[in-house]
Amino acid sequence: MMIVLFLYFGFLLPYLVGRAWNRVFSWRKSYIGVTSAHGIGLIVLFAIFYVVSFVPLSRGMAVSELAHWMSLLGYGIGVVCLVFLNRKLWQDAHITKVAWPVIVLAIIALICSVLFLRPDSMDVTGEMVRRMVDSNVFYGVTPYTGEAWLGTNHSPVEAIYGIGAVLMGIDPLVYLHRLTPVALLIAYFGVYLEIGTILFGEEKRARDTFLVIVIGMYGLEVFRDGPLLINVLCNPWNGQTLLGSMILPLSFVMAYQWLRTMRWQCYLSAGCLLVAAQLCYGDGAIMVAFLWAVAIIVAFALKRMARRKAA
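For the record, in the sequence shown the residue sitting at position 146 is 212 according to my numbering, with numbers rising by one throughout.
Think of the hints as simulated: they come from the structure by calculation, not from any bench.
Quick caveat, the model's predicted, so the values are computed rather than measured.
Every residue, glycine too, gets a C-beta built ideally from N, C-alpha and C.
One should not assume that every hint holds.
[As the list claims (entries may be wrong)] Distance ranges between label pairs, derived from CB positions:
#, residue 1, residue 2, range
1, D237, T275, 35 to 43 Å
2, A355, F289, 30 to 38 Å
3, F318, K163, 21 to 29 Å
4, R89, M283, 31 to 39 Å
5, M188, V149, 23 to 31 Å
6, D200, Y141, 24 to 32 Å
7, I177, Y74, 19 to 27 Å
Starting from the given sequences, assemble the full structure and let the hints guide the process.
This is the structure in structure tokens:
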């Protein structure tokens, strides 16, 4: 039963949400790949979770009770997506062709992250989740410092892992360190695959080279004490890592695409990214908004320079 729940909430549900989101709000007409749909769907689910759970978290609802309601919501979202996609679910699905060396490198990174690498000493997510599940409340103190902590004061992303551990009935640290990296690292890969598609289009060699560089860069962080923002293989679950290595890069390249299309779907996608960023980090929405402001200024400056040269 645990495996079935993990496959549904970790893979099938994000994929269904990603496919449905792409069909309604996509900036491009081409079909999204399976891996990219999983990554985009996970970000959308983060945003939904933050909106739905903010009030219960603030009022100190029990972890087990919120887990029950979140599971029902997850099943409901899955059914709605299935009905919405209908025959298009598998008919339009495709796997984006990626070079075999890239796939092998990604699999090696995944295996190392799950089986061999240890969390960074700066990461206290595991201890927070363990205390959360043991006490059955989202209130507590920050491990190692003793400061008062409430999920919504900083980032309620830890609540997702607490709920997952309760639903599957396993040790919180086992769930966090052994199961979540599988789903999250595939989501990271899917997001960067989407970024590569935005940047390079149909140039497969350039996109594959980009993916190799990204995986290699994150692999090098294992051998040094790098910041949590980019320590993906050791701390894929950390809120700072999710923000800095998944949401911010995707936000930046999408800002470029939005400035080119200016479609109404772009604003809905922007709102989703803002909420997901706020889930992962206390000032996440501000950081994403600042990044977009910089992207807009740069875009208009480049456009103005191009007009001057043309004149």
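Going through the hints against the structure:
1. D237 <-> T275: 35 to 43 Å: About 40 Å separates the Cβ atoms of D237 and T275, which means 35 to 43 Å holds.
2. A355 <-> F289: 30 to 38 Å: About 34 Å separates the Cβ atoms of A355 and F289, which means 30 to 38 Å holds.
3. F318 <-> K163: 21 to 29 Å: 25 Å, holds
4. R89 <-> M283: 31 to 39 Å: Between R89 and M283, where Cβ atoms are some 32 Å apart, the hint holds.
5. M188 <-> V149: 23 to 31 Å: Distance hint for M188, V149 is violated at roughly 44 Å.
6. D200 <-> Y141: 24 to 32 Å: Because 27 Å falls inside the window, the suggested range holds.
7. I177 <-> Y74: 19 to 27 Å: 23 Å, holds
The structure does not agree with numbered hint 5 stated previously, though it agrees with all others.
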